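Visitor: Sequence:
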Amino acid sequence: MARGSRSVGSSSSSKWRYCNPSYYLKRPKRLALLFIVFVCVSFVFWDRQTLVREHQVEISELQKEVTDLKNLVDDLNNKQGGTSGKTDLGRKATKSSKDVLDDPIDIERREKVKEAMLHAWGSYEKYAWGQDELQPQSKNGVNSFGGLGATLIDSLDTLYIMGLNEQFQKAREWVANSLDFNKDYEASVFETTIRVVGGLLSAYDLSGDKVFLDKAIEIADRLLPAWNTPTGIPYNIINLSHGRAHNPSWTGGESILADSGTEQLEFIVLSQRTGDLKYQQKVENVIAQLNKTFPDDGLLPIYINPHSGAAGYSPITFGAMGDSFYEYLLKVWIQGNKTSSIKHYRDMWEKSMKGLSSLIRRSTPSSFTYICEKNGGSLTDKMDELACFAPGMIALGSFGYSAADDSQKFLSLAEELAWTCYNFYQSTPTKLAGENYFFHSGQDMSVGTSWNILRPETVESLFYLWRLTGNKTYQEWGWNIFQAFEKNSRIESGYVGLKDVNSGVKDNMMQSFFLAETLKYFYLLFSPSSVISLDEWVFNTEAHPLRIVTRHEEGLVKNLNEKQKPFSRIGGRKEGRSG
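Per the numbering used here, the very first residue in the sequence shown carries number 12; after that it's consecutive.
Calculated from the structure, these hints are not laboratory results. Some hints could be false.
Claimed, not checked - Pairs of lysine-lysine residues, derived as DSS-like cross-links and limited to a Cα-Cα distance of at most 27 Å, are as follows:
#1 K393 / K442
#2 K393 / K517
#3 K289 / K349
Just so you know, these numbers come straight off a predicted model, no measurement behind them.
Using the sequences and the hints, build the whole thing.
Guide: Written out as structure tokens, the structure is:
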């Protein structure tokens with residue numbers, strides 16, 4: 012009988028024939044089909060029950076962890092007489108943050124990052140305590156920054172945020188009793204500001220402990236003579252003991268753009284916390300001088316004459332020696348809560364983003380988006396890993412545009428650049444990025460300088476993009492990078508960089524910014540968005556979070572050297588890398 016003409020229901024018993032085994036014995040294909048359906052349904056039912064059981068276990072375990080953490084916080088508060096003077100790291104973010112539930116996978120990964128921090132810190136504590144940086148392979152310390160305890164100060168806020176109370180308190184005692192700035196040492200004004208001033212101010216903003224503010228004042232006062240130039244554009248080197256300032260000989264007497272334009276955040280915050288305007292006035296004068304002749308494309312060469320204020324003939328770059336100048340134009344505006352008194356910072360930044368857009372190129376055949384460097388009228392198809400801070404900066408600033416089209420355009424650009432930076436890592440045998448990359452027609456990217464010194468910039472951008480978009484892809488990329496560091500850079504006595512990302516040969520240095528920046532951004536990448544909320548904090552270029560405080564027309568808020576708002580934690584770029 013043709014299929015379309017078969018009669019339906021011709022017999023009252025016909026529907027029961029499907030229950031008769033002999034029906035299927037005569038029709039083996041139908042028997043096989045029925046068996047397959049039965050097996051599939053059984054597997055689906057079994058798998059669903061298994062998943063339900065597994066999720067019930069996970070939920071039960073999470074509820075226990077939440078209870079344990081709450082009890083731990085309550086115990087700590089009781090022992091300390093409450094949390095007055097400290098920052099509540101668990102406080103709910105305001106509506107502009109993506110408030111995401113704490114995923115079990117995030118909890119596990121965050122604990123892995125904390126364990127990495129404990130390993131790095133424990134190695135520093137054992138072999139290089141009080142010195143600037145650890146050399147893990149030779150198991151000794153080295154004073155790369157004049158013996159100011161750079162790694163220790165750089166790590167203070169990371170320890171605090173991770174809830175490592177014992178380690179934080181031991182470091183605090185060293186700062187109070189052993190930190191000495193009276194050094195006959197030619198210090199980088201830039202490095203000392205972002206690491207030491209920034210690290211101390213962040214520790215103060217988080218803990219409310221005035222010892223950190225007092226030390227920040229002391230070192231900032233030693234740096235101030237660097238701004239005593241005809242224009243107020245600072246010299247970049249100063250003797251911490253004698254106060255004599257000068258520029259490095261290799262710049263031909265010129266000041267470096269990033270080194271002169273990356274103290275604004277720290278010194279403005281210091282004026283806010285002390286009520287003393289002198290710090291803010293010094294650094295804001297620099298911006299006023301540069302703004303007098305600021306070009307329409309917002310792009311400045313990396314050398315500036317401190318006597319005339321004129322820009323020298325030198326490269327334009329968002330990599331070394333240029334990068335953090337542009338970063339701070341945006342972040343000073345954010346730290347002052349985006350008021351009209353500081354709108355000129357935002358205006359300068361938006362000009363610079365127009366200029367950055369003119370440097371954008373795309374590779375072939377894979378269409379990787381990258382930022383060129385500019386020399387005179389020509390572009391060089393080269394991008395530093397240092398410039399991988401830019402995706403995060405652009406994403407952060409994209410939400411401040413008045414036009415929705417501009418906002419989306421720059422957020423899309425940030426996402427494209429982040430993909431390129433992630434591939435800086437994925438394109439090498441070790442899955443760790445080299446120092447810079449060149450782009451060639453038809454060949455995409457190739458690593459140039461092939462060392463890796465544990466830099467944070469790509470992870471920083473992944474953190475911002477995750478926080479601002481909620482796209483978990485950025486967490487996955489970050490986790491892949493973290494695992495590559497664990498595989499290639501972790502040794503028994505700390506973490507080291509690689510001399511060559513192709514061969515994997517190790518160097519002998521654990522950079523202080525690995526603890527200050529790289530591990531902190533990894534930790535926050537897997538933390539709820541209320542932990543160091545971007546609505547309440549802004550990061551300096553060394554990843555030290557500083558509290559956002561509203562700026563008014565007079566330019567200075569009230570003296571904030573007083574008890575901070577309560578704050579509890581969840582459980583427990585640069586010379587040659589400028590900005």
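Visitor: Hint by hint, note whether the structure agrees.
Guide: We went through each hint and held it up to the structure:
1. K393 / K442: Answer holds: K393 to K442 is near 20 Å, not above 27 Å.
2. K393 / K517: Holds, at about 25 Å.
3. K289 / K349: Holds: K289 and K349 sit about 22 Å apart, inside 27 Å.
Against the hints set out earlier in the document, no violation occurs for any number.
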